[in-house]
Amino acid sequence: MRQHIQSLIDTTPGNVAVFAPSYALLNSIVAEAHFSGVRMMVEDRNWTKQDLDQVVETLLEEKKAGRRILLAGVFNARLSEGVDYHSGALDAVACIGIPNSPPSVLSSALKAHAEDRFGRNLAWRYTVSQPAINSILQAMGRPIRSIGDRALIVLLDRRVTERTYASCFPEDLRMNESSGTQNQPAILHGGFSPKSNPTPRLE
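Quick note on our numbering: the sequence shown kicks off at 25 and runs consecutively.
Ranges of calculated distance between the beta carbons of each label pair, as one might list FRET restraints:
no., residue 1, residue 2, range
1, Ile171, His137, 35 to 45 Å
2, Glu105, Leu130, 19 to 29 Å
3, Gly172, Leu134, 33 to 43 Å
4, Arg174, Glu81, 13 to 23 Å
5, Arg198, Asn124, 19 to 29 Å
Source of the hints: derived by calculation from the structure; they are not laboratory data.
Beta carbons: idealized from backbone N, C-alpha and C, even for Gly.
All chains, full assembly: derive it from the sequences and hints.
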């Protein structure tokens, strides 16, 4: 995963965001690693509103100065949902894993109720897989704030190609699948070509 993230950094002209299902996973994969060509900013639970308001300004200032930032956050947290990355603050996003909620009494009760009403297959989709994919879609949309925005998306989890999760994505969403980083630069460079249509990339 670190190799894929570094490849995305190497072939992206601006700032890159990375989102993971938990702070523990974010720290083990991203925060504890060294990525060349960028300065890292890692989300902190203790950030204030003032800290969050400064994030986009810092991204834009660094981009204007020819420097780049790797912004690391968590699905369903403030960086993946509560910040407006306007004016092209982000050029690419990497989504690590699938943010399934941990089992709980409430989730079990909700799933049992959905099974009684919709059947087992739809209950799983409504209470487990669709909410998780919605969180990914929310993170994927962070760089796209206006009709003219373009960005590259890398999904780092093979399970998104499985029927359980693939059916939860919009029907018109096109993806390019790859098992390694060897051909990543060509696909990524193509995403920034004016004549191409950037599509999410899954690993």
